[in-house]
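Participant: Now for the letters of each chain:
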Amino acid sequence: MNDLVFFINKGLLSGMIIGSIYAMGAIGVTMIFGILRFAHFAHGDLMTLGAFVTLIIAALLASAGVVLPFPIAFAAIIPAMAVTAVLAIGLDKMFYKPLRNAGARPVVLVMASVGVTLMLQGLIRLFAGVRARDMFIDQPKDIFQIPFPGATRAMILTEPQIVLIGFTVVAVLALHLFLTRSRLGKAMRAVSDNPELARITGINTNHVVWATWIIGGGLACAAGSLLSMDVTLKPDLSFNILLPIFAATIVGGIGQPYGAIAGGFLVGFCETLAVFNWSVLLRPIKDSLWFELPRNMALVPTEYKLMVPFVILIIVLIYRPTGIFRGRVL
Amino acid sequence: MEGNLFERNRRDLTLFAGLALLVAIIFLTQGSVYSLRMLVEAGCYAMIALGLTIQWGYAGLFNVGVMGFIAAGAASSVLITFPTNPDFWNSNGPQLVAMFLVKLAFSAILLWLANVSGRFGVGRRLRGLLIVIAIAVAYLVLSAHMTTMAEQIEENSGWIGGLGLPVLVGWIVAGVVAGVIAWFVGKICLGLRSDYLAIATLGIAQIIKHFLKNADWLTRGTLTVSPLPWPVEMPSGGEFIMARASYLSLVAIAVVIIYLLLERAYNAPWGRMMRAIRDNETAAEAMGKDVTSRRIEIFVLGSVLMGFGGAMLIHFASIYDPSGFLDLNHTFLIWVMVILGGSGNNRGAIFGAIFVYIVWVMSEPITLALFDVIRTYGVAWFDWEPPSDFNSRALQMRVFVIGLTITLVLRFAPRGLLPERQARH
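Protein chains in written order, with my numbering: chain Z, 40 to 369; chain U, 5 to 429.
Read the hints as simulated data drawn from the structure, not as lab findings.
A portion of the hints provided could be inaccurate.
[Stated by the list, open to error] These stretches of chain U come out as covered by chain Z in the derived footprint (C-beta under 8 Å, 3 or more residues):
#1 40-46
#2 202-211
#3 254-264
#4 402-413
[What the hints assert, rightly or not] DSBU-like mimics (lysine-lysine), calculated; alpha carbons at most 35 Å apart, straight line:
#5 K49/Z / K107/U
#6 K217/U / K344/Z
#7 K325/Z / K107/U
#8 K293/U / K136/Z
Note that the coordinates shown come from a computational prediction; the quantities given were computed from them, not determined experimentally.
Positions of the beta carbon are idealized from the N, C-alpha and C atoms, including for glycine.
Bound conformation, chain Z alone (with noise of 0.2 Å):
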């Protein structure tokens, strides 16, 4: 039993929190991919940035003598989130809108978005170093440990953990009813699906790519910081993240949320269940099999956890380009 525990502590859960994650920053790729039909590779440092950002306003609030019955850097990410969404529709004004307005080919948005992620990059390290920071200035994180029934040790869930899982289902449940409700929402999707069309409708384009930037940047933003809450606050997380979030987006299908849902969830799966010791499992059982039980029986060794979300997004783009939910080919 302690055996399925574990499975259930390194292979589920990690699986789950990663994967909440990857969903968070592909639902943020894959509107901007649907949207403004570029493939934004700024997208990581901008989880970094709203990663500062908490940071920044939770320290801003401890020195003001704020206390709360719960850490402080959670209640951060509200208004982090918002700040984030501002800085993204700032950097669109400045970097993208005006090589939109010029009419240039995609691909060179995607130089930008290149460009992009190298300012932020060298920005943050210049002003923060790149040691390893603690998101909760002097607070210790909780950790539940709830009891399995049969075994001796327990599921382990830290603060942050929770916070996350919960705020990837409220995220999620606002993003479903904000697109399917409301006007703007609506407009969003139309200019998805045929950006000509929606223009002669009278859809406000600017309004649309602005909504874009806030949903990105803000779900960017609470990805970084509870990444970084359940981890450290590295400046590293750029390239690293970006092609599991890419491979999620893709798998998905591009211009879709709920694929970017669900594609999030299987790339994160997929990777910690790869790098999984699945020897533990068979342990117990180990007496009755016919042969010799491996130390390490993981699918990929952990350093090339980074080819699983790669071979799925090969798999995808030979056998289904449109991804999952059918989302467009551009």
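Given the coordinates of chain Z, assemble chain U onto it according to the supplied hints.
Facilitator: Showing chain U alone in chain Z's frame:
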């Protein structure tokens, strides 16, 4: 015609004259040994930039994984040219590697059979299932073999060592390996939109680097391999100038040959077709051009040059260290070279490579000096306590500047310093 020729090339001549002046100043102030090293490296970068300029400038393909192709080329050249490791050849290592190659070949055949099974009346679903089974079996067999192979080789002989072949062979193999990788990537992504290529090349570059860093049995991983042989006399007894000068001439000859070939190709029907595809894909397709295969062609060609240039670069450094391959230095710096110099213009790529590399090398002391001033005045006037990692942070400023240059050039000078000259036929 004489004056006309001068008129037409005035911009090129001015810029290259300015570059020559810059190089001369560096020679006078920094000494020949240092300047020669810088020029050799700039020449290698020029080769890589030529590879990128044909991908981006001729065909509009966005490759974010230049670093991966450089690293793959460098590693294969190391394996070809480094002296043999007798321990490996006396152990069971060669058998293991041979077995691995046999299994690899079998897996490839199996996969190919599953892939073409549709032609023999196998249904779509069954074919998909067959492919999945083939991939799974091949992966399990190969990864199991690789694990034991890696363990045994590392235990018995450390690593497999090189083959001890001439350096020029190594460089050519470097190009071939990079080209083969590019072919696979292109085959998968080039039928789709260019963003997919960007994502896939980004991934493949990270994976190649991860693999090279962790594959201790193959390339000693992070333990580094040195000294790598040179195609010319190695510097011995402090005699750097002659050795570096001859290396430089070799690199320069290679760059010039490639440049002339590329110019020829650009003005040939093939180059015209490439530009037609780049400028209007639909029209080119309507004319009966096979857009995807032409793109694969040029993507492979560009990557061959990148692998070749990477091998030249690593042999000159004489030490192979997989952690030394960085996205910043080996992908984005080259992007700046190409778009600043003028994409689609080979002379622009060469100019951009040399100019940007010189600026890049010089920027390190300049940034540090600049931030030293900031620190001095910050401490003196504002009682500011600079962080302990101030210098390493200061160098991050260069990352910012590279990003800023990319965005500014794209917005205000999308054609670069030496714009592409549309040939009129």
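Participant: If a hint holds in the structure, say so; if it doesn't, say that too.
Facilitator: Against the structure, the hints come out as follows:
1. With 0 residues having a beta carbon nearer than 8 Å to a beta carbon of chain Z, the segment 40-46 of chain U misses the requirement of three or more and the stated coverage is violated.
2. With 8 residues bearing a CB less than 8 Å from a CB of chain Z, the segment 202-211 of chain U meets the requirement of three and the coverage assertion stands.
3. Counting residues of the segment 254-264 of chain U whose C-beta lies closer than 8 Å to any C-beta of chain Z gives 0; at least three are required, and the coverage claim is violated.
4. Coverage of a stretch by a chain is defined here by at least three residues with a beta carbon nearer than 8 Å to that chain's beta carbons; for the segment 402-413 of chain U and chain Z the count is 10, and the condition holds.
5. Taking the CA atoms of K49/Z and K107/U, the gap is near 33 Å; set against the 35 Å cutoff, the hint holds.
6. Our distance criterion of 35 Å between C-alpha atoms is met by K217/U and K344/Z, whose separation comes to about 14 Å.
7. Of the supplied pair hints, the one linking K325/Z and K107/U holds, its CA atoms being roughly 29 Å apart against a limit of 35 Å.
8. For the given pair, K293/U sits about 34 Å from K136/Z by alpha-carbon distance, which is consistent with the 35 Å threshold.
When each numbered hint is compared with the structure, violations occur for hints 1 and 3.
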